[in-house]
Amino acid sequence: MKKKTVLLIILSLLLLTGHSGTLSAAGTRPVSAQSPTEISFWHSMGGVMGVTLEGIVQNFNDTVGAEKGISIKTVYQGKNLELAKKLKAAVQANDTDSMPDLTLMSSGETGYMLNLEIAVKAEDIFNDNLIGLSQDDFLPGAVKALSYQDKAVGLPFAPSSLVMYYNRDAFIAADLDPDTPPKTIAELAEVSKKLTIEENGQISQYGFGLVIDSWHMASWIGQQNHDGNGYSLFGDNDNGHADQMTKVVFDENGTMQHFLEIYTAAAKEGNFKYKDDDLVNNFIAGNVTITLHSSSMLPGLLKDTAGNFELGVAAIPMVDENSTGGVSFGGSAIYPMNLGDENNFNAALEFLKFFYLPEQQVTWQAGSGYLPAVKSAFESEAYKSFVAENPFYNVAPAQVLASNPNIQEPMVGVGTTILVILKDGIAEVLDGNMSIEEGVAEMADQCNIAIEEYNDAN
Amino acid sequence: MIKRKSEPYLYLIPALTIVILFVYYPFVKTIISSFFKVDIYGNLKEFVAFNNYLKLFSNQNFYRAFSQTLLHTLMYVPISIFIGLGLAFVSNQKSHFSRVYETLFTLSMAISVSIACQIFRMIYNPSYGLLAKTFGINIAWLTNKQYALFAVTFILIWIQIGFNYIYLSASLKNIPEDIIESANIDGAGFFRKLFHIYIPMISSSLFYLIVTSIITGLTMITPVLILTEGGPQRSTQTMIYNMYVYAYNNSNYAMAYTYGVVVFFLVAIIVAINFSFERKSVFYR
Amino acid sequence: MTTQEITDINTFILPKSFRNWSNFKEVFAMTDMNRLFINSMIVAVVGTVGRIITSTLAAFAFAFFDFKGKKFWFSFLMGSMMVPGDVLIFSNYVTVSRLGMMGSYLGIIIVYLVFANYIFMLRQHMMSLPRELFEAAKIDGCSNFRFFLTTVIPLSGSILVSVFLSSFVGLWNIYLWPLLVTNTNEMRTIQVGISMLSSAEQLSWGPIMAATLIALLPTVIIFTISQKFIVKGLTAGAVKG
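Chain order of the listed sequences is W, B and H. Going by our numbering, the first sequence opens with residue 17, and the numbers climb by one from there. Going by our numbering, the second sequence opens with residue 7, and the numbers climb by one from there. Going by our numbering, the third sequence opens with residue 11, and the numbers climb by one from there.
Extracted from the complex, chain W is given alone in its bound form (with noise of 0.2 Å):
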């Protein structure tokens, strides 16, 4: 037994060594201009988002790159939280070794980004013509999501809008006509009283399900038209896109009272189910027949949901009959990173090209769900015969294009905290533990908390 416990030291120290020596080898990067340019991009994509973005890096390589001596590697840094840790860690740590030419960053980031030398804006990009787009060929709801201070920081890689979901075979089993799917919240109550199915006193079909959170909150506060700006805002500073918000407003300008009025009636009426409950496998299963979500999870919906019913999306349901109807945007940033070495960091803008021709942005709307960023690409051949196929893909762009660009979410350094308060409070609401005044002010109370005692500290 000790022999075997020496043997498995010796083994394991071999591997250890001989691993670490090959491994810092491959790290370096090749110097000489002959040979290829490599450089690295760090993803957050998994599952369907992750093959189809590996597969347009492919695409890439085995055409533009290989023509110009460029070959990408994607290195999926998990999930956005960890892709984030990751890429801070290396910053202070000054590991220039370990950071990647491109790496993708979620919008919560942009703060962090803007000052983050090393990270090129998307400002930048735009002026000095290096990709060939200027800030008008993109969405411009998506770009003011990424930016700060009034300067567009990230460019958008990923933008995603809220949709709605529902089961067409519901609303047929239900006597309602799946082509004219709600409106308004008002209209949702209705249809969703219908769709609601109880069997010995217990609901086995709910009509609606949704946790409203800020990310929603966004869109529902942003689109009330309170002052005839045609949007509202959720926080002061232009929602923190001009300078560090400071505030929320949604108490101030009313607009969160007006929508708790509305949707706390409509809950009621329309037995909303409003706790979380795995609302999206519910859904998947039939137990839930409408449902709000990111235009993202089309992909997966639609193979989730065949064989068992015919899926049907459409544009939220408006606050009411004033609203705009428009809808905020969410989606991650790509930056590219200039780490000193020049080849590098045009390989980067090179492959930045590549991927907002419109060919590419269809490729990566069709697997991922995901918006195209750029305007040329809606209008294109490869789009329209897309759409046209796959009429669910429609949805969201057309929602957003209708969309005023100032409806944003809240960009704001404590907005996992805000978006915890506000899903705390509405359910507190609905549950009638608080009355809607007193709900809107204990939530607006806790986000300033929240954003002064982060303000103080940064």
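Don't read these hints as lab results, they were simulated from the structure. The structure displayed is predicted, hence computed values, not measured ones. One or more hints might be untrue.
Unchecked claim - Have a look at the derived ranges for each label pair, beta carbon to beta carbon: (1) Ile235(H) <-> Leu16(B): 32 to 42 Å; (2) Leu50(B) <-> Asn324(W): 54 to 64 Å; (3) Leu110(B) <-> Lys284(W): 21 to 31 Å; (4) Ala414(W) <-> Arg45(H): 13 to 23 Å; (5) Gln151(W) <-> Thr194(H): 42 to 52 Å; (6) Tyr59(B) <-> Asn324(W): 53 to 63 Å; (7) Ile134(W) <-> Asn144(B): 49 to 59 Å; (8) Leu50(B) <-> Lys284(W): 46 to 56 Å; (9) Glu142(H) <-> Ile279(B): 31 to 41 Å; (10) Phe201(B) <-> Thr194(H): 35 to 45 Å.
As the list claims (entries may be wrong) - Cross-link-like lysine-lysine pairs, in silico, BS3-like; alpha carbons within 30 Å at most: (11) Lys95(W) <-> Lys286(B); (12) Lys78(H) <-> Lys11(B); (13) Lys291(W) <-> Lys139(B); (14) Lys139(B) <-> Lys167(W); (15) Lys209(W) <-> Lys151(B); (16) Lys35(B) <-> Lys148(H); (17) Lys238(H) <-> Lys11(B); (18) Lys11(B) <-> Lys95(W); (19) Lys81(H) <-> Lys286(B); (20) Lys179(B) <-> Lys148(H); (21) Lys51(B) <-> Lys61(B); (22) Lys263(W) <-> Lys51(B); (23) Lys167(W) <-> Lys51(B); (24) Lys139(B) <-> Lys209(W); (25) Lys284(W) <-> Lys151(B); (26) Lys35(B) <-> Lys238(H); (27) Lys238(H) <-> Lys179(B); (28) Lys179(B) <-> Lys151(B); (29) Lys148(H) <-> Lys11(B); (30) Lys179(B) <-> Lys291(W).
Unchecked claim - Stretch-level coverage of chain B by chain W, calculated; a stretch enters the list once three of its residues show a Cβ under 8 Å from a Cβ in chain W: (31) 37-47; (32) 112-122; (33) 142-149; (34) 228-238; (35) 241-255.
We treat Cβ as the ideally placed atom computed from N, Cα and C, and that holds for glycine.
Following the hints, position chains B and H against chain W.
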């Protein structure tokens, strides 16, 4: 006991080197940083003395997280040890305890906390979960603020039982048979044997379990992170979870460091109290 | 198994489409599972052996020696369990990067080489070993280290198996740290592979569950084997004091 000056230190060198390099060196940096303002890039800004601590102690949420963490630990430690000990006693009566049961009880050892959480997410689900569908218990375990913390604690108890069982049954089997036999001859009942033989004889194992479980209990985070994100209505926020949110979600490193230091000293005090009882109540052969 | 089947409790226990292995095929198509599997195996085994070496030695010192500062050093090591790991990550990244260990197995393993829990566990065990053995060994002129190797270690068999099992499971499941200190797909561990199969906004439960099963397999196998040893070691090898 051996008395030689340098030899024991040689045995400690490997462990101490690693611990100093990868725990205490960064932790001392953490303690120092907790007296500063820290920007989002992790750079120290201005010295603020105890300001971060004052902020933490004046924050309502800290006390809430502290009491919830304590409540979790108060359930987790005794229940997991009690059940583990009970199973160990049952299996010690060799006759009717098959390997199958033994494997079933201890299988949780092979499962990581995150996988266990995924399994329990399905079990707890009020619409298609095992508890709802099979037993008709229609409770939103993870989304009702009355139950969520218990639901989370239960998962960790379930995971810990396997180890506690196997570890305690190892200790029970190590008790010399002649001691038990002589007690039997004296006509001692089960409870007398329990308190006068079994418990003292396995006290060193129990002590180990109590101390380590207290530490894991007080630093609990994983299921909260995976299943509840501190909710609903903050009812499952623990101290380490709040620290995590400060560090990663809000990039408020100063507060995260402060939290980390406070948690360390709170746990250390509680563990030190335990160790003060070691000499009195733990019996080493 | 499709998502519908997973949400349907009747098939939860015995999913039909598990039999056609499509999910497993998808897993192997999407990730280099073999390589990830080997990586995780190396990390878990080497890390565990390292932990066993550091903790048996330390426990031996605490259980059998009397020395200056014994209490302090024991508390010092125990204290390392109470430091919240999340505040150490960035600093340790810097350290590992300065030591030139980025992207290597050593870089992943080194921070895990000591787990004070095991030192404590082994100390408790060694303290309950009969003192007479030690006296006897001394009379035989046995050196302390030889006594450690020839008597203490063999008598700690079942405890060491417990340590091995618990440490293996722990290291097999680490996720964030290996992700941070490696930069190539070839160096990733199996847990990263599982995360790669899912995206935040899309569900494909089937492949995730298949990958989870693959990832679970070694721990269950090692568990079943070592569990036998623990029981055997207890009944046969135990020294009745």
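Cross-check of the supplied hints:
no. : hint                                : result
1   : Ile235(H) <-> Leu16(B): 32 to 42 Å  : holds, 34 Å
2   : Leu50(B) <-> Asn324(W): 54 to 64 Å  : holds, 56 Å
3   : Leu110(B) <-> Lys284(W): 21 to 31 Å : violated, 46 Å
4   : Ala414(W) <-> Arg45(H): 13 to 23 Å  : violated, 44 Å
5   : Gln151(W) <-> Thr194(H): 42 to 52 Å : violated, 35 Å
6   : Tyr59(B) <-> Asn324(W): 53 to 63 Å  : holds, 55 Å
7   : Ile134(W) <-> Asn144(B): 49 to 59 Å : holds, 54 Å
8   : Leu50(B) <-> Lys284(W): 46 to 56 Å  : holds, 53 Å
9   : Glu142(H) <-> Ile279(B): 31 to 41 Å : holds, 34 Å
10  : Phe201(B) <-> Thr194(H): 35 to 45 Å : violated, 59 Å
11  : Lys95(W) <-> Lys286(B)              : violated, 50 Å
12  : Lys78(H) <-> Lys11(B)               : holds, 8 Å
13  : Lys291(W) <-> Lys139(B)             : holds, 18 Å
14  : Lys139(B) <-> Lys167(W)             : violated, 53 Å
15  : Lys209(W) <-> Lys151(B)             : holds, 27 Å
16  : Lys35(B) <-> Lys148(H)              : violated, 45 Å
17  : Lys238(H) <-> Lys11(B)              : violated, 41 Å
18  : Lys11(B) <-> Lys95(W)               : violated, 52 Å
19  : Lys81(H) <-> Lys286(B)              : holds, 16 Å
20  : Lys179(B) <-> Lys148(H)             : holds, 28 Å
21  : Lys51(B) <-> Lys61(B)               : holds, 17 Å
22  : Lys263(W) <-> Lys51(B)              : holds, 24 Å
23  : Lys167(W) <-> Lys51(B)              : holds, 25 Å
24  : Lys139(B) <-> Lys209(W)             : holds, 24 Å
25  : Lys284(W) <-> Lys151(B)             : holds, 21 Å
26  : Lys35(B) <-> Lys238(H)              : violated, 45 Å
27  : Lys238(H) <-> Lys179(B)             : holds, 15 Å
28  : Lys179(B) <-> Lys151(B)             : violated, 43 Å
29  : Lys148(H) <-> Lys11(B)              : holds, 17 Å
30  : Lys179(B) <-> Lys291(W)             : violated, 49 Å
31  : 37-47                               : holds (count 5)
32  : 112-122                             : violated (count 0)
33  : 142-149                             : holds (count 4)
34  : 228-238                             : holds (count 4)
35  : 241-255                             : holds (count 3)
Of the numbered hints listed earlier, those contradicted by the structure are 3, 4, 5, 10, 11, 14, 16, 17, 18, 26, 28, 30 and 32.
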